[in-house]
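> Chains as they are written, first to last, in my numbering: chain B, 64 to 438; chain F, 64 to 438; chain U, 64 to 438; chain Y, 64 to 438.
To be clear, the hints were calculated from the coordinates, so they are not data collected in a lab.
Since we're looking at a predicted model, the values are computed, not measured.
You can't tell identical chains apart in this list, so a pair holds if it fits in one copy or across any two.
Derived SDA-like pairs: lysine to any residue, alpha-carbon spacing no greater than 25 angstroms straight-line: (1) K218 <-> A317; (2) K374 <-> A317; (3) K264 <-> D325; (4) K374 <-> E334; (5) K374 <-> W261; (6) K227 <-> A317; (7) K374 <-> S340; (8) K227 <-> D237; (9) K388 <-> H267; (10) K110 <-> V215; (11) K227 <-> P249; (12) K264 <-> R324; (13) K374 <-> T322; (14) K374 <-> Y339; (15) K218 <-> N242; (16) K374 <-> A162; (17) K374 <-> E356; (18) K374 <-> F331; (19) K388 <-> Y258; (20) K374 <-> R324; (21) K388 <-> A85; (22) K264 <-> R228.
Protein chains: 4
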Amino acid sequence: MSMNTYGHVFRVTTWGESHGPALGATVDGCPPGVPLTAPAIQQWLDKRRPGQNKNTTQRNEPDAVEILSGVFEDVTTGTPIQLMIRNTDQRSKDYGDIAQTFRPGHADITYHQKYGLRDYRGGGRSSARETAARVAAGGVARAALDRLVPGVQIKGYMVQMGEKRIDRSRFDWDAIDGNDFWCPDPGVVQEWEEYLQWLRKDDHNSVGAMIEVVARGVPAGLGAPVYGKLDTDLAAAMMSINAVKGVEIGEGMAAAGLTGRDNADEIFMGENGPEYSSNHSGGILGGISTGQEIVVRFAVKPTSSILSPRKSIRMDGTPTEVVTKGRHDPCVGIRAVPVGEAMMASVLLDHLLLDRAQTGGARGQIGNSAPNPSR
Amino acid sequence: MSMNTYGHVFRVTTWGESHGPALGATVDGCPPGVPLTAPAIQQWLDKRRPGQNKNTTQRNEPDAVEILSGVFEDVTTGTPIQLMIRNTDQRSKDYGDIAQTFRPGHADITYHQKYGLRDYRGGGRSSARETAARVAAGGVARAALDRLVPGVQIKGYMVQMGEKRIDRSRFDWDAIDGNDFWCPDPGVVQEWEEYLQWLRKDDHNSVGAMIEVVARGVPAGLGAPVYGKLDTDLAAAMMSINAVKGVEIGEGMAAAGLTGRDNADEIFMGENGPEYSSNHSGGILGGISTGQEIVVRFAVKPTSSILSPRKSIRMDGTPTEVVTKGRHDPCVGIRAVPVGEAMMASVLLDHLLLDRAQTGGARGQIGNSAPNPSR
Amino acid sequence: MSMNTYGHVFRVTTWGESHGPALGATVDGCPPGVPLTAPAIQQWLDKRRPGQNKNTTQRNEPDAVEILSGVFEDVTTGTPIQLMIRNTDQRSKDYGDIAQTFRPGHADITYHQKYGLRDYRGGGRSSARETAARVAAGGVARAALDRLVPGVQIKGYMVQMGEKRIDRSRFDWDAIDGNDFWCPDPGVVQEWEEYLQWLRKDDHNSVGAMIEVVARGVPAGLGAPVYGKLDTDLAAAMMSINAVKGVEIGEGMAAAGLTGRDNADEIFMGENGPEYSSNHSGGILGGISTGQEIVVRFAVKPTSSILSPRKSIRMDGTPTEVVTKGRHDPCVGIRAVPVGEAMMASVLLDHLLLDRAQTGGARGQIGNSAPNPSR
Amino acid sequence: MSMNTYGHVFRVTTWGESHGPALGATVDGCPPGVPLTAPAIQQWLDKRRPGQNKNTTQRNEPDAVEILSGVFEDVTTGTPIQLMIRNTDQRSKDYGDIAQTFRPGHADITYHQKYGLRDYRGGGRSSARETAARVAAGGVARAALDRLVPGVQIKGYMVQMGEKRIDRSRFDWDAIDGNDFWCPDPGVVQEWEEYLQWLRKDDHNSVGAMIEVVARGVPAGLGAPVYGKLDTDLAAAMMSINAVKGVEIGEGMAAAGLTGRDNADEIFMGENGPEYSSNHSGGILGGISTGQEIVVRFAVKPTSSILSPRKSIRMDGTPTEVVTKGRHDPCVGIRAVPVGEAMMASVLLDHLLLDRAQTGGARGQIGNSAPNPSR
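Here chain B stands alone, though its shape is the one from the complex (with noise of 0.2 angstroms):
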């Protein structure tokens, strides 16, 4: 695997720096056929978007994707389709200040100590621009699912921000897409909104958050047992995501507080197959789906540039204070919501792939429950 790539069959390269001319993906191992237009793939990135809403970085830029291959009279190929995201806003002039410092919980150092140089210009390849790519994969991912597995649904959103968390209670599916924060709990919105923006104007600060990414309507039997397992890739997935420190699978690190007695997912048998009495596998076993609802969480660190002073380094060793002006995501969290999902899509795309390479998408049988269809 390179450096830049995720993927087995279906694998996605990203390229492209914050202030370069562009960034985009290369995206290989699409099934040939699927319905495939730029404005389909548009949706996706426009819930990334910066400049969106009030609590997202002020940098606007459209985001527009261009398909610049392996789609033709809008079917894909089969062949590798490249997704261009020009740069239009970039200011570079906003960083030039950075080139000889190194800002704190930043890659500035890392990269310096690695490569000997940097693109300096707004994070170069660190910035979190980059997953505007990994959307756009994910956008072509998602048009492979609803052909090969109709029906599937992916959703993310945040339950938690800083201290803050949502009422589960109250979880309402259909209210995610109806705020800002692609929160799931409605009570919660107003005192998030204004928790924030106290956070950015008064308090010079920013906020980690905590997403869940749940897919439904996968079918059993994707993943592998050992190293391939369906958990692994969707961990390291996830984990790819700028910011990202932590990944958990259902029960995640809870799991270490449970006792067998509890955690143990019961079966039954229903009218379609196998059912369970809980989901603390959170749709994994053995590193395979179960047919359950695909269940991850992670956690995203708060936004590293801050108006408040931070004491760093410059190249040449002497100390300095960091005010980060810019343009900034008090809590980056938000943004990484579409990201979660277009990296959930573009894993169990990949699985699905794997997964009728080696069996074919034949099931075993169980009970006079048919088998899933072969795909």
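With chain B's structure known, arrange chains F, U and Y on it following the hints.
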């Protein structure tokens, strides 16, 4: 990447089932000229060996590793190293009764659904015995690391068992090897032992655990900016271990609760290069190592095989209750400690080799500090 | 891809040296449910076994394959298949005198230069014994192909030995297995035998050979347009065999001498789909199989180990003359026949699985012919 | 490895169709700190550009490359380099009549069979235009090689066109760039030109060619023993070029006709290390470079698009005759010369990086000669 392989340049493919004739690891890409003997690997296997203490399974096997290739006159040659461990104490009759039944929390049902058949003896490929192969491969990685970066230390330990946690104020690195839990807080050991005995004998139950793995002395500059991040590969490596449900780097899931001001690791110039006021980042910034301690935590779910009956179904769809007799650890997390160390060693060596492929090991200068010597 | 692995989804990693305890192949990605036993693999190993006839090396080993994993009750489970062959007749004292000397035409000198050390016993990793592992892995590929595409036939044969060539007008598919050269022209066999005897005993020399491998019954549509072409992977597979110096598909190097009018394979509509007036393409157009016979040829250089003295140097740089005694085939091309078949089988299975990953095995319609049934 | 990617550590993924908006290459794994500009890459593209001379297609496009990422202030940063070439002169109406027809010798029919649809404009993905992307990527590889191994020279040239061959006794390295055929024998150029004119204008025909690519100054020790051999990767790289049907290293297919005594490259001690009496091996022994010239040859089949009618079928299965008008080279082999050079450069850089990953560039000592300086 194939389904049973991890690593990019230092690549490990594990093979084998719990009750087949043998299991092992095919290790490709090890540098030549590394001193390596079977006893040097055996020391790590002995750490995770079943039957070693009263808190782990009573299955008693020597788990003796044989080196079948890639080593000549006790030195690696640069060709593939085959490590084989014979299975000697299998008692597969213990498992005959589960051939038609799916154990809750186990991979039985998903394997059957995916492959249409499975080696039901002792979990087959999904048995925790597979991790012996990883520990052996990790022994090769440690030997190579010792040669390429003298002074690297890798240490795993338990920080939580069920609801019982260590007291971080009593943390003692040197106490870890002195108890059966690899616990750095000697003050909790007796309580943990009594709890575990009660859990197994009286409560017929099991319990989860949290493991922390730390690497000291890792040079700055390992990793890559976007997908081939050091944290991405560590997350994948740990999540691929049986029964792991969550992985954290540094602050981990708690990062969601912090503000940017609190989370900043401020930078100072030390005598030998940059130093940091704290290590919220867990030693990784932008996917690349900072030179600080690398800190990873993962949660292991409670053993699913317990003596308490759990509801399930048979292959024909009829309901049943499962009580797993066999010989099972009440807390598999204990044996996950050496496994986590082995995965850390393998990932670090792989990234060390990848780094010297791309950069030749050169480092950017900061102040007057000498960049790392080239490797 | 690691250095000792071939294949994308059906992946084979070989390991082992000529004079170590064992060698073998780790086979990952095999479909589940394929009937497989050691004797079924052994039949192919017996074809390449040394000591089998008077034209190959006198080293006498049973080359008995053991299946250590991935097969349960004589059926593949979908997990890695470990195939091990013990080395039993090593006589490594024969090789002691070459520890300090580089044999011309051998890898001795380049191994030493690259790795700084080498397992000099019998060529170590560069010994032709390594190909036994490929033949074993090819046996797995054949078993899977038989199940997925019944009727596929793969056959290799010698078409040239030194300056002696077969007469294509006497080509007899059924004669191939009836002589020690896998020669399809029975009319040349006696002459070849006498020549080879003379070469070895009287001339103390060796000779090169040309092998052709044909696959019949391969469906149209395997391969990919650009880099993952079926011919790319076949070229790599054949060139990776010891002593191979050239690979051709269909018309091969002779295509350089043809005009476009002569080289065109004209297309007609047959009863079961498209048919062609000729097969200059060797069954592959644009990297994708046409449904015709797939035809690959490769050249094997003469054995470098001969009884005639050749000039060389020692590790200390002093000049010497090398006469290789040991036990060596005067024409290693003979034993390359089953190896070429194994590589063909492995590549075809890999591309069959890759194709069903991306397309699900669906085929474009031409006329009224039914597209291939989905696999 | 994905289907449109080559290389292990230095990885190139090409994308784009003949008549889409653009095509290009995503280049990952390039070392940081390599001086690189668009004009430096453009010089190689200008060598293969259509419309350059009277023997190649009349399609006239500047093939101007843009660097979209991975380069900052004219130096590589170590992040992915996106190279884009806009398609500007497409005239896709020329191709409308072949949407329903399969051109003999083209990928039309196999693409349709595999994918069920195809971008029929100018061959789409299977057009030789794809090779422009490889040439651009090869320009990056050359720049990196220049920095890491100063003095490496890579040169391709035609040694045969149809039945006309160069006279090796008149071989002149310096004459190669002085004629439209990249021919090292100036004595045949006029005859070749007249032949090609006649072939195109009068005979309405095309012709095949043989290309040789040589690399001088490559250090000993690049490659690997078994599957990741340098010759394996060179064979794959060359065979992956459109219309190539055979690949040879050193003696190549002719090795089948030699005896061991004749084929031996005897070894002597020179002033700067080992020297050889001859180069039958083509600079590669046991998969690893010897330090001699690396010599690869490949055969390019005659252009399938000719003005002479050839029999074929339509998608509905009815018979037809195909006369390909468009604008096509009568000998595509000419333009394959810079493509072969680009593939050689990419493979060598990749193996240079792989070698320093595993060995750190250390070399075994022979006599008193200094081992290669570490890279």
